[in-house]
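Peer 1: The end of the sequence shown is residue 302 by the numbering used here, with every number in the run present.
Warning: the hint list may mix true and false statements.
[Stated by the list, open to error] Taking lysine-lysine pairs in the PhoX-like style, the calculated list, with each CA pair at most 25 Å apart, reads: (1) Lys47 / Lys64; (2) Lys61 / Lys47; (3) Lys299 / Lys228.
Quick caveat, the hints were computed from the structure, so don't treat them as lab data.
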Amino acid sequence: MPTLTQIPRTNLRKDDRAHDNSIIPTLDVETISPSQRFVSALMNPWKNRLLPAGVLRRLLKNSKSPLLAESFQRPGGWRSMQIIYRNDPPVDWFDDQALRTNPVSIASRNRCRIVIQKLSRAIAEIERGIPVNVVGIGSGPGVQIQSAIVNSGIDVDRVTAYLIDLDDDARDFGESVAEQLGLEGCVHFRTGDARQISNVLPDIQAHIAKLVGIVEYLNDEQLLTMLKAVASIMVPNGVLVTHGMVDALNTSRFLTRVFDLTHQHRSAEHMIGLLESAGFRCTDCTVEPTGTYPILTAKRNG
Numbered sequence: 001m002p003t004l005t006q007i008p009r010t011n012l013r014k015d016d017r018a019h020d021n022s023i024i025p026t027l028d029v030e031t032i033s034p035s036q037r038f039v040s041a042l043m044n045p046w047k048n049r050l051l052p053a054g055v056l057r058r059l060l061k062n063s064k065s066p067l068l069a070e071s072f073q074r075p076g077g078w079r080s081m082q083i084i085y086r087n088d089p090p091v092d093w094f095d096d097q098a099l100r101t102n103p104v105s106i107a108s109r110n111r112c113r114i115v116i117q118k119l120s121r122a123i124a125e126i127e128r129g130i131p132v133n134v135v136g137i138g139s140g141p142g143v144q145i146q147s148a149i150v151n152s153g154i155d156v157d158r159v160t161a162y163l164i165d166l167d168d169d170a171r172d173f174g175e176s177v178a179e180q181l182g183l184e185g186c187v188h189f190r191t192g193d194a195r196q197i198s199n200v201l202p203d204i205q206a207h208i209a210k211l212v213g214i215v216e217y218l219n220d221e222q223l224l225t226m227l228k229a230v231a232s233i234m235v236p237n238g239v240l241v242t243h244g245m246v247d248a249l250n251t252s253r254f255l256t257r258v259f260d261l262t263h264q265h266r267s268a269e270h271m272i273g274l275l276e277s278a279g280f281r282c283t284d285c286t287v288e289p290t291g292t293y294p295i296l297t298a299k300r301n302g
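Full structure from sequences and hints, please.
Peer 2: Okay, structure coming up:
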């Protein structure tokens, strides 16, 4: 049975909660202390430029850290993200640095919590009695959408979630999550290219879509194509949750040098421009506490 990011529960009946946003859990986000920022600023020149990348790789490969081991094999993949979200006690100093001190790991957990909250609210606000279609793009096992369905309090018989990814290697994990949460009947995994989403999901009109965790690996042209494709299958005023990424704490160069992990950085303003070009209007932007991820809610024009 998979270990999930903790999902707060309530004792209210399903759909008694559907229009009561007070039940959506209060966020418990992580911050970076002044001392952590000082240590990070002190170490960044060594990690980013002064120490040879080969030396850093040898040091890190000697660690017993599950996150570091996975990052060397599949940097930025869904397995790495699940380790970050799970946030188990570190096994050694290097694991502590990667899991608990690294600003990107902290920011990723914050992003996960904020995205789940935004999706939960969007699902809860759908008018009672209307069947709800939720689409996740590049979703891996789809834990965030599945968590949001549970947190929303909606009757799961009303919800159909389609989780799309180019690869199907996360399907087994995602299906075990659905079974654990009692969502087997409403969660469906699809393998395909979301830029051709109308072919992957013919005749589907989505009320809510999530585009998170893939955005930072697409250039502007690729992202705009995907945003337009997502807009094409959404109902008017359908809700999209997505994000940008900013190298707020100067960690990008280290990730590229050591793990060959390169991110596309976009400010909130940059993302808003792309969203508007694709037929959306931004309705909310939340910047998580490290400043790394601006997380945007947008509605499809119509």
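Peer 1: Hint by hint, note whether the structure agrees.
Peer 2: Quick rundown of the hints versus the structure:
no.	hint	verdict
1	Lys47 / Lys64	holds, 20 Å
2	Lys61 / Lys47	holds, 15 Å
3	Lys299 / Lys228	holds, 13 Å
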